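Engineer: Single-letter residue listing:
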Amino acid sequence: MKNTYSKFAVSLAVGAGLALGASAANAETPKSGGVLEFVVPGKAPSYDGHIETTYAMVHRVRPFYSLLIRVNPDNPSDPSDFVCDLCDGSVPEPTEGGTKYTFKLLPGVKFHDGTDLTSEDVKATYDKIIFPPEGVASARKSFFKAVESVTAPDESTVIFKLKFPTGSFIPALATPFNFVYSKDDLDAHGYTWHKSNINGSGAYKFVQHQKGAFLEGVKNPDYHHAGKPYLDGFKAITSAKMALSIQAIRGNRAAAEFRGFPPKARDDLVKALGKKITVQESDWNCVLLATPNHKIKPFDDTRVRQALTLGLDRWSGSKYLSRIAIVKTVGGVVFPSHGLAATKEELVKLKGYGTDIKAARAEANALLKEAGVPGLEFTLHNRGVDQPYKVVGTWMIDQWKKTGMEVKQQVNPTPVFYDVLRKKKTFDVSLDFNCQSVINPIADITKFLGSAGNNYGSYEDKVLEDSYNKILQSGDVAEQRRLIREYETRALSDEARMMISLWWYKINPHRSYMKGWKIAPSHYLNQHLDNVWLDL
Amino acid sequence: MIKYLIKRLILLLPTLLGAAVLVFFLLRLVPGDVCEIRLAGTGLYADPAEIALCRKDLGLDQHIFVQFLDFIWGYATFDLGKSMWTGAPITHEIGLRFHLSLQVAIMATTVAVLIAIPFGIISAVKQNTWIDYVVRGFSIAGIAMPSFWLGILIILGLLIGTQEILGEPWMPPIEFKPIWEDPVWNISQLIWPAVATGYRYSAVATRMTRSALLEVLREDYVRTARAKGLLEKVIINRHALKNALLPVVTIISIEFAFLMGGLVVTEQVFNLNGLGRLFVESVGAQDFNMTQQLVMLVVLIFVLTNFFVDILYAWLDPRIRYS
Chain A
0 MKNTYSKFAV SLAVGAGLAL GASAANAETP KSGGVLEFVV PGKAPSYDGH
50 IETTYAMVHR VRPFYSLLIR VNPDNPSDPS DFVCDLCDGS VPEPTEGGTK
100 YTFKLLPGVK FHDGTDLTSE DVKATYDKII FPPEGVASAR KSFFKAVESV
150 TAPDESTVIF KLKFPTGSFI PALATPFNFV YSKDDLDAHG YTWHKSNING
200 SGAYKFVQHQ KGAFLEGVKN PDYHHAGKPY LDGFKAITSA KMALSIQAIR
250 GNRAAAEFRG FPPKARDDLV KALGKKITVQ ESDWNCVLLA TPNHKIKPFD
300 DTRVRQALTL GLDRWSGSKY LSRIAIVKTV GGVVFPSHGL AATKEELVKL
350 KGYGTDIKAA RAEANALLKE AGVPGLEFTL HNRGVDQPYK VVGTWMIDQW
400 KKTGMEVKQQ VNPTPVFYDV LRKKKTFDVS LDFNCQSVIN PIADITKFLG
450 SAGNNYGSYE DKVLEDSYNK ILQSGDVAEQ RRLIREYETR ALSDEARMMI
500 SLWWYKINPH RSYMKGWKIA PSHYLNQHLD NVWLDL
Chain B
0 MIKYLIKRLI LLLPTLLGAA VLVFFLLRLV PGDVCEIRLA GTGLYADPAE
50 IALCRKDLGL DQHIFVQFLD FIWGYATFDL GKSMWTGAPI THEIGLRFHL
100 SLQVAIMATT VAVLIAIPFG IISAVKQNTW IDYVVRGFSI AGIAMPSFWL
150 GILIILGLLI GTQEILGEPW MPPIEFKPIW EDPVWNISQL IWPAVATGYR
200 YSAVATRMTR SALLEVLRED YVRTARAKGL LEKVIINRHA LKNALLPVVT
250 IISIEFAFLM GGLVVTEQVF NLNGLGRLFV ESVGAQDFNM TQQLVMLVVL
300 IFVLTNFFVD ILYAWLDPRI RYS
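For the protein sequence lines, the chains are A and B, in the order given.
FYI, numbering that gives the first Met the number 0 numbers position 227 of the first sequence as 226, with every residue one higher than the one before it.
FYI, numbering that gives the first Met the number 0 numbers position 34 of the second sequence as 33, with every residue one higher than the one before it.
Note that these hints are calculated values from the structure, not bench results.
Keep in mind that the hints are not guaranteed to be accurate.
[Unchecked claim] Computed far set for chain B versus chain A, every beta-carbon distance over 12 Å:
#1 V22
#2 L25
#3 Q61
#4 I300
#5 F301
#6 T304
[As the list claims (entries may be wrong)] Heads up, simulated DSSO-like pairs for lysine-lysine below, C-alpha to C-alpha not over 27 Å straight-line:
#7 K218/A / K176/B
#8 K240/A / K81/B
#9 K424/A / K55/B
#10 K144/A / K461/A
From a predicted model like this one, the values you see are computed outputs, not experimental measurements.
Glycine included, C-beta positions come from ideal geometry on N, C-alpha and C.
Input sequences plus hints: build the corresponding full structure.
Structural biologist: Given below as structure tokens:
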């Protein structure tokens with residue numbers, strides 16, 4: 000009984016935190032001063048946003064840099080709300096049939112070394128990202144395939160000319176890795192200088208980095224957003240383990256961890272600290288998928304793949320798995336909170352998304368019999384990461400066993416896992432991952448294309464490719480939505496190329512004295528910290 | 000003796016070379032590499048051309064024997080290379096963490112010796128009494144209990160205990176400050192891992208002290224000393240203990256060497272930025288350069304520790320002659 004009461008109390012506290020957290024932050028007047036200490040799991044290979052892909056770099060380094068545009072820090076949960084960071088006014092509408100974007104820059108912006116930030120710096124930055132010289136790495140070059148040129152006609156104007164109109168350009172521009180570098184730095188020190196040096200125009204200036212221990216930043220008094228930042232500085236402390244991060248918040252060695260914790264950690268912290276903890280929660284733009292290897296029999300058979308997806312009871316999985324893992328929301332190919340995502344009514348029409356699991360499993364068994372593999376036996380290849388890989392993998396195996404299949408799990412450490420997934424391709428069915436920063440459905444759904452570089456199913460599906468091309472060329476949102484449903488039905492149901500599990504769910508319990516930070520649907524977003532303040 | 004020492008020093012070279020060959024080639028048997036992990040380890044798409052470029056930058060595209068020669072040549076030129084993950088010089092990365100690991104090792108050894116020697120002596124002298132049983136129970140518990148688990152219990156105990164008593168949970172600091180910068184901070188962070196590891200370490204040493212002392216106490220010369228009417232205190236301290244310490248010194252030195260690079264899990268539990276954690280991170284990131292150099296460092300520490308133990312033997316037992 001006591002346990003039930005505690006759970007009830009925890010739920011109440013979380014609910015209250017969720018309900019009051021955001022509105023309270025809006026209502027209160029920010030205070031200046033103080034140093035925010037937070038923990039970051041994982042190491043950042045370098046400081047160069049243009050080549051790195053990990054949130055461990057973003058959480059540490061993003062506060063030192065500005066972007067041309069960014070996700071609205073006051074409304075980060077809206078996947079289509081972008082605002083200017085270095086540009087002046089609001090994000091410009093395209094001209095010339097959607098192929099030209101003209102950005103006017105804020106006047107008087109300075110880099111931390113005191114030099115002026117001009118359109119030449121923005122141009123040099125995007126030239127490095129989009130058109131890197133031979134031998135220069137750029138992790139997000141492919142995001143900007145539509146860009147034909149970047150020009151800087153005068154000191155305060157930057158023009159992006161596109162080859163064709165696309166709705167994926169603005170979200171790509173707001174990607175939090177697109178740090179604006181100084182042209183002088185690039186010219187004087189070369190393209191690798193930013194790996195180990197920082198000269199940005201962000202809210203904080205670099206102080207020191209003790210590798211493996213912490214990184215420190217101090218307030219930039221010349222920051223271009225008036226009155227910000229509120230903090231005197233921040234310290235990002237490297238934390239070796241999630242358990243330690245949780246304890247660090249409990250023991251007040253850190254105010255927050257911005258990636259996210261499982262539900263149990265949230266409940267424990269709320270139970271231990273009560274009102275001293277505020278919980279923010281959000282759908283998360285990451286999802287685990289089971290990818291059958293189409294080159295291995297019987298996974299070349301559509302009926303077998305459909306049986307796999309039919310065996311998963313996603314709706315009850317959402318209810319129960321969300322109590323122990325960082326997954327929750329049932330969804331299709333598009334991030335569930337986005338306007339282009341399927342509604343529940345649309346989802347239940349897909350194989351494996353129905354609410355009658357008995358009927359679905361009976362259908363799965365019939366399909367397996369028809370395909371000549373009743374009681375299908377196979378191995379699920381998985382990654383040796385607890386949250387949520389091993390939890391979701393174990394759940395899937397249980398689901399498939401309930402459908403009469405015999406499934407073993409092979410868990411590999413990360414390097415071996417990716418070697419098998421990407422190179423050897425010797426798996427039967429493997430868990431795979433799709434996780435993006437800025438929600439950009441048109442770009443994000445390429446994962447399901449057999450031709451995509453990050454698709455490891457080894458299949459070709461011309462119908463799906465054609466369907467995607469129609470989406471890409473469509474300028475009308477309603478039409479895009481309809482086309483995405485066709486694409487989704489083909490990818491997840493008719494051909495069952497991949498089996499989406501559950502979309503991740505981000506839970507950020509943090510010390511209540513940390514104010515101003517709002518959860519975004521990605522652990523990469525809203526980490527500039529210019530709106531964060533401490534109520535001590 | 001000097002001739003013996005020179006011979007031992009020369010023998011270090013083939014030992015280190017053998018270790019270098021093993022670590023270099025074994026590491027490369029593991030599938031995947033640092034570029035895959037760095038550019039695509041988060042599950043994002045990585046352009047194969049970008050991965051190839053990264054490999055070229057790190058020299059991973061060269062023939063494996065060329066890479067090996069580079070690795071060995073580094074020792075000749077005192078250049079340990081750069082971390083493939085961070086790009087920072089390995090000497091810098093190791094240097095940052097070495098003093099923390101050394102301090103924990105020294106503190107844990109101190110804790111262990113302070114517990115093991117007196118407890119081992121009492122246990123041997125009071126053999127088969129309740130005191131002996133308590134000490135044996137205490138030491139067996141130490142051997143059975145992994146130090147990382149004890150570490151977790153310590154942290155949880157501190158959090159819960161301080162919340163109960165002070166109203167606000169307290170835990171040890173999670174970032175390191177050298178002892179000369181902030182001694183209170185430093186000790187309040189490192190004392191807990193030192194106790195957690197020192198306890199297990201002391202348990203082994205206590206058992207060894209007890210059994211070695213019991214053996215020595217049964218020797219003829221001890222019986223002779225007793226027959227001469229010497230005080231038991233003098234017999235133990237002056238005649239028995241010194242001889243009984245030989246195996247204890249061996250155990251302590253091996254454990255000390257182990258602590259320098261082997262506190263893999265305990266360092267993670269207490270968020271210590273030491274060599275053990277660096278080891279885990281570099282293996283996880285497939286940072287071959289860093290892993291190789293860390294293995295070589297641990298090998299060197301073990302070899303040198305053994306070397307010094309041999310010298311210590313001669314001091315403890317003058318009957319030992321090296322030729």
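Engineer: For every hint, state whether the structure bears it out.
Structural biologist: Hints, one by one, checked against the model:
1. V22: Correct as stated: the minimum Cβ-Cβ distance to chain A is 17 Å, above 12 Å.
2. L25: holds (14 Å)
3. Q61: holds (16 Å)
4. I300: Holds: least Cβ distance 20 Å, greater than 12 Å.
5. F301: Since the minimum Cβ distance to chain A is about 23 Å, F301/B lies beyond 12 Å and the statement holds.
6. T304: Fine: 25 Å to the nearest Cβ keeps T304/B off the interface.
7. K218/A / K176/B: holds (23 Å)
8. K240/A / K81/B: At roughly 25 Å apart (the allowed maximum being 27 Å), K81/B and K240/A satisfy the hint.
9. K424/A / K55/B: holds (24 Å)
10. K144/A / K461/A: The hint holds at about 21 Å.
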